[in-house]
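Enquirer: Here this note's numbering is used: position 38 in the sequence shown is 38, and no number is missing along the way.
Note that these hints are calculated values from the structure, not bench results. Bear in mind the structure is a predicted one, so any value in this text is a computation, not a measurement. Mixed in with the good hints, there may be bad ones.
[Claimed, not checked] Taking lysine-lysine pairs in the BS3-like style, the calculated list, with each CA pair at most 30 Å apart, reads:
#, residue 1, residue 2
1, K5, K21
2, K17, K5
3, K5, K20
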Amino acid sequence: MARSKLAIVGELWQFMKVRKKWWLGPIVIMLLALGLLLVATQGSALAPFIYTLF
């Protein structure tokens with residue numbers, strides 16, 4: 001299962017490299033950062049303040 005997730009990352013990297021879609025990089029990084037922020041604050045006292053941003 002972990003290999004398939006790494007394969008997806010590799011395929012995305014190859015797609016960006018071959019098609020010259022470098023503008024997708026910052027979008028993917030920001031989506032991952034927002035997802036990690038939501039997961040990290042899910043059980044904390046900061047959760048209500050984070051959810052009001054969205």
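Enquirer: To test your reading of the hints: which numbers does this structure violate?
Expert: none
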